[in-house]
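Undergrad: Heads up: the protein sequence lines correspond to chains A, B, C and D, in order. The numbering of the first sequence is this note's numbering, which starts it at 1 and goes up by one. The numbering of the second sequence is this note's numbering, which starts it at 1 and goes up by one. The numbering of the third sequence is this note's numbering, which starts it at 1 and goes up by one. The numbering of the fourth sequence is this note's numbering, which starts it at 1 and goes up by one.
To be clear, the hints were calculated from the coordinates, so they are not data collected in a lab. Nothing here was measured: the structure is a model prediction, and the numbers come from that model. Hints are supplied without guarantee of correctness; some may be wrong.
No distinction is drawn between identical chains; accordingly, a pair holds when it is met within one copy or between any pair of copies.
Said to hold, decoys possible - Straight-line distance between alpha carbons at most 25 Å, and here's what the computed SDA-like set of lysine to any residue pairs gives:
{"id": "1", "residue 1": "LYS255", "residue 2": "TYR133"}
{"id": "2", "residue 1": "LYS191", "residue 2": "ARG111"}
{"id": "3", "residue 1": "LYS198", "residue 2": "PRO156"}
{"id": "4", "residue 1": "LYS114", "residue 2": "HIS25"}
{"id": "5", "residue 1": "LYS197", "residue 2": "ASN244"}
{"id": "6", "residue 1": "LYS114", "residue 2": "ASP298"}
{"id": "7", "residue 1": "LYS141", "residue 2": "GLU223"}
{"id": "8", "residue 1": "LYS197", "residue 2": "THR38"}
{"id": "9", "residue 1": "LYS255", "residue 2": "ASP240"}
{"id": "10", "residue 1": "LYS255", "residue 2": "MET314"}
{"id": "11", "residue 1": "LYS255", "residue 2": "VAL48"}
4 protein chains.
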Amino acid sequence: MRQGATPQQVEGVVAAVEARGLRAHAIPGAQRTAIGITGNKGAVEMPVFESLPGVLEVIRVSHAYKLVSREVKPDDTVVDVGGVPVGGRTLVLVAGPCAVESREQTLTIARRVKAAGAHLLRGGAFKPRTSPYAFQGLGEKGLEILAEARAETGLPVITEAVDADGVDLVERYADAIQIGARNMQNFSLLKRAGQAKKPVVLKRGMSATLEEFLLSAEYILAEGNYAVILCERGVRTFSDFSRNTLDLSVVPAVKALSHLPILVDPSHGTGRRDKVAPLSRAAAAVGADGVMVEVHHDPDRALSDGPQSITPEMFEGLVRELRQIAPVLGRRI
Amino acid sequence: MRQGATPQQVEGVVAAVEARGLRAHAIPGAQRTAIGITGNKGAVEMPVFESLPGVLEVIRVSHAYKLVSREVKPDDTVVDVGGVPVGGRTLVLVAGPCAVESREQTLTIARRVKAAGAHLLRGGAFKPRTSPYAFQGLGEKGLEILAEARAETGLPVITEAVDADGVDLVERYADAIQIGARNMQNFSLLKRAGQAKKPVVLKRGMSATLEEFLLSAEYILAEGNYAVILCERGVRTFSDFSRNTLDLSVVPAVKALSHLPILVDPSHGTGRRDKVAPLSRAAAAVGADGVMVEVHHDPDRALSDGPQSITPEMFEGLVRELRQIAPVLGRRI
Amino acid sequence: MRQGATPQQVEGVVAAVEARGLRAHAIPGAQRTAIGITGNKGAVEMPVFESLPGVLEVIRVSHAYKLVSREVKPDDTVVDVGGVPVGGRTLVLVAGPCAVESREQTLTIARRVKAAGAHLLRGGAFKPRTSPYAFQGLGEKGLEILAEARAETGLPVITEAVDADGVDLVERYADAIQIGARNMQNFSLLKRAGQAKKPVVLKRGMSATLEEFLLSAEYILAEGNYAVILCERGVRTFSDFSRNTLDLSVVPAVKALSHLPILVDPSHGTGRRDKVAPLSRAAAAVGADGVMVEVHHDPDRALSDGPQSITPEMFEGLVRELRQIAPVLGRRI
Amino acid sequence: MRQGATPQQVEGVVAAVEARGLRAHAIPGAQRTAIGITGNKGAVEMPVFESLPGVLEVIRVSHAYKLVSREVKPDDTVVDVGGVPVGGRTLVLVAGPCAVESREQTLTIARRVKAAGAHLLRGGAFKPRTSPYAFQGLGEKGLEILAEARAETGLPVITEAVDADGVDLVERYADAIQIGARNMQNFSLLKRAGQAKKPVVLKRGMSATLEEFLLSAEYILAEGNYAVILCERGVRTFSDFSRNTLDLSVVPAVKALSHLPILVDPSHGTGRRDKVAPLSRAAAAVGADGVMVEVHHDPDRALSDGPQSITPEMFEGLVRELRQIAPVLGRRI
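Same shape as in the complex, but just chain A:
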């Protein structure tokens, strides 16, 4: 739509699209509103729409993905997570334990990362574990603890859902719903997240191409939820020194193709405590919209992923370094 197109004009185009049996997605941007059209089997009658009031141009999108594409929406998307804007001028710091283990553990860590400058709290109540015999998370009890940590610290909460029932619960308690790497192509879960009223953090699958990653995001947007944040967390290679290979070049690649914000998770990306700070600095320098790190006050006794958690002290040092790097890319913390 043109700059200054009225809400009535936007509604008019949406109605015209839907009258043809197609689906219209009005996506407001900083300057202009974009209207994505999906559901067409063949070519769309472009001239019909071009002549409607308020329409600037009709762009045919060549990729398999549409709504996530910069062609459809040139402006960066800024996603609001409980009042914290992700994708704008702030380099967003998401920190917290891998798993919610207890009230005391979570509150201790939440206070420490808040004091150090974190913007958002992370922590798992539902843990997808490779082994059926590993700790699977506290479930709803964990969500209650996270909500209590938010009430005390003011930090909005991001936490993972692993199935449709979990999305119901996470939607109720948390500020953003995380879809984990192993579920990146769990399309039923993506569709359910697309119907949620909360933003979604979508992690890249362990061997996902960029095309697949963006199409999984497209599943969420296609259901009407445009508040999607991507997250790189490392891909699987032959590496003998890190659990995964953090693929930082995906950040400029996403920025070129999509309007969605992207975080980097160096904790899962490297699997090793001593690499978290260096790779977090690198993530900030490459242009990520934020970093998501696991922090534990007693990592050697953590119930999951202890070896990749950093201490609150290490997190404080990291924040000091990131404050110096952020301005190079026109950001602040």
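Put chains B, C and D on the given structure of chain A with help from the hints.
TA: Here is chains B, C and D on its own, set in the frame of chain A:
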């Protein structure tokens, strides 16, 4: 348990295990019944169980997986799929279209593969597709068509479920429930499949290690469903000439570590029609318990995966070749 | 050239090509002689050549490789290694120790594999080792031992050269020069091998695409040595159960694009003794022109690669199985 | 050796080592001199050496690599390349064309990168090319041009050698010898480089583990050349958006295990111009000792690797950004 242990003795051990808050899994074999114990946090009181009537020995399993392990159950597991034994002396041929597209298409193909010697019919009613805009399958209508094809040809049916609701439906209509590669670590789905009354075909994830593959199978067995068939379908590499890299060395590796049967799917494994027959022959020669191939009578008009489907004529030729290779490994078709 | 083109006509075309500053490669086939033209920067004046006597057609080759391509030479190339044809109706068995360790060790193994049915003897005198402190081979002394084993058993010898000086020596003592996986893109070595008077066995690099593999072969042909045998030996992946992932789908892919023969080496491909026989069977079934296996009479004391060497007894059992599989593909042993 | 050990004491230990048929490598550090011992088959008589004058302790090294290990030499190695220290407080900028194409091209680029702040000039005279028909470099003529560019700009020169003859030439004309990724396990070339009088820049192979990378460096040190600089340039994965996947986590991993400096080459690492600056910033932030980038004043007409070359203007902007990031790690440009 010893050879010749009575059902009462087996029940006695199960009761003793459960009395300690643990979970007992009685797994009958050709010679002896094994009882897997799960749910223990620390060490199990081995002497207690060793002294029970009928007990041969108590083996501590060092791997993260237990129930799928050959240490727990040395005999090969033979899974019954609608009367067809998978994992025994028969080299099992599973054939059919990638997706159920129509009644006529499915029945045409089912008749052709039956005539050529197939033992089981495959075909997708729920299709997990990378793009939200691609054909997603006929759903329950597709399951009805598959059931009709079974009624006419006598071929038991394997078809994929992508979520819990799908498992309900597939369990009702089909003879085995397939879990696709993208859902190999969808642990909620694995647990649901573990409660199903039908066998499960579990495909290896695109970048799954053998440890992860077996642990995903363990999720299903740990819920009580011991009828699991593994399936190799190619892993993701840098290959520039095949969609995936079919990893046939996983077959002897599985045979060494696990009692579960394993199929090979060269259609997804290669993504190219002209490689399906050579890799099917190789799968039989390496020792797989069967091959699963996509057959379409008009592959160039298939709604999905046409380029990797072979024609019924090519399938007939393949069966002739497999009949010659199977005896080298002491099998027949 | 047309079928029945005379040697004079072939020479006439070669002269015409060279008169234009280009390079002509006359490659005789079973039916017809092909003349590859290289050295052209832009388009070749096709009509000039088409009108020469004996010329059937001029084909523009679109791939970066030319001389290795089936477009240039539709017939399969059969390479003569000391009298053994590689690439024809025989499934060629290449067997021997990883490294030549001593006269006695090599002769013992050579006699055993000869008796079991092997056609060619393999064994390394120059060993490229990851560590500078590992056994690097006996050098020229090892070549002498191999020559003695050939004299006694009649088995022609394939052995590796790792640099230009090594090619000089191997060319003198052996029947074929092996270029190892680590040197697949050592272009100086490829050029030197291209000037050799003996056939070359070129192993696929650990992460080589098919395009790169064929272009490395092209380096050898472009220097005038058309007797090149390709060899798949596994690619590097994330596998947790085999040293490399044997990529058998490369065999039909090579057969479609190139006229060169291809062997499979399941010893390096899997790195594990118990997978050598299954993967050798699979290699024969997929259509490879032969298999190359490491055999050692005392593998646990081998100076290199003991864990992947099979015993002479295992080799005899393997030959029995391969004799049954070969006829399925119209081959014999 | 102890701090303050005299040259005579060092020589005494070296003599004692050599008297036992072993090889001694005296490696001077900022604080102390380390003496690496290689050539031992079994255990070394440690007490003999511990009692020699000036000896602080004898450390048994558990890795396959020894001389490259931080256990042998705790201090960072600073390599002098024509007067430029690599591995110290300076973030080293290596810039220049992929290939030397002409005198004018190379001098134009050398002047521009010198003005922008580069410390070292890179440029290939011998180009290892995947295809035998691609431009293979100007050879010695290219080396003369590089020497002229050094004479005019004062920038020391790094350039690749692809075989032993090439090392002779590069050693004569340039200030450091580059071993390319494809030759990382060309052990004959590594040994020759180990006898050179100039520093060596060793690029990581396309699918090399860290263990293999360090062992290849060990080959060079074991021949007596301790001036080795490592270089990460991306590994091969399934990525669909970059030529290689730049593996920045190797930088902290190398720093933990080895005393050698490490550069990052984001041009080869990404293969795309628009990713060079972001990944160069990330390389500086992760802790690399320098970055090596391809710069071309007319990249669209470059004879090789044009798509990954940045313009001199882009390089100037990058240097401005790196000047801001370097101090975060206690470095300057």
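Undergrad: Take the hints in turn and mark each one as holding or not.
TA: Against the structure, the hints:
1. Only between protomers do LYS255 and TYR133 lie at most 25 Å apart by alpha-carbon distance; the minimum there is 23 Å, versus 40 Å within a single protomer.
2. In the homo-oligomer, the alpha carbons of LYS191 and ARG111 never lie at most 25 Å apart, since the shortest distance is 35 Å inside one protomer and 36 Å across protomers.
3. In this homomeric assembly, LYS198 and PRO156 come within 25 Å of each other (Cα to Cα) only inside a single copy, at 12 Å, whereas the closest approach across copies is 43 Å.
4. Taking the shortest alpha-carbon separations for LYS114 and HIS25, neither the intra-copy value of 37 Å nor the inter-copy value of 47 Å comes in at or below 25 Å.
5. In this homomeric assembly, LYS197 and ASN244 never come within 25 Å of each other (Cα to Cα): the closest approach is 32 Å inside a single copy and 37 Å across copies.
6. Within a single copy, LYS114 and ASP298 get their C-alpha atoms as close as 17 Å, which meets the 25 Å cut-off; across copies the closest is 50 Å, which misses it.
7. Taking the shortest Cα distances, LYS141 and GLU223 sit within 25 Å of each other only across copies (23 Å), while inside one copy they are farther apart (29 Å).
8. With identical chains, the CA atoms of LYS197 and THR38 are at most 25 Å apart within one copy only, with a shortest distance of 21 Å there and 39 Å across copies.
9. For the homomeric pair LYS255 and ASP240, the shortest alpha-carbon distance between copies (15 Å) is at most 25 Å, but the shortest distance inside one copy (30 Å) is not.
10. Proximity of LYS255 and MET314 under a CA criterion of 25 Å is satisfied inter-copy only: 18 Å between copies versus 29 Å inside one chain copy.
11. For a Cα distance limit of 25 Å, the shortest separation of LYS255 from VAL48 qualifies neither inside one copy, at 32 Å, nor across copies, at 52 Å.
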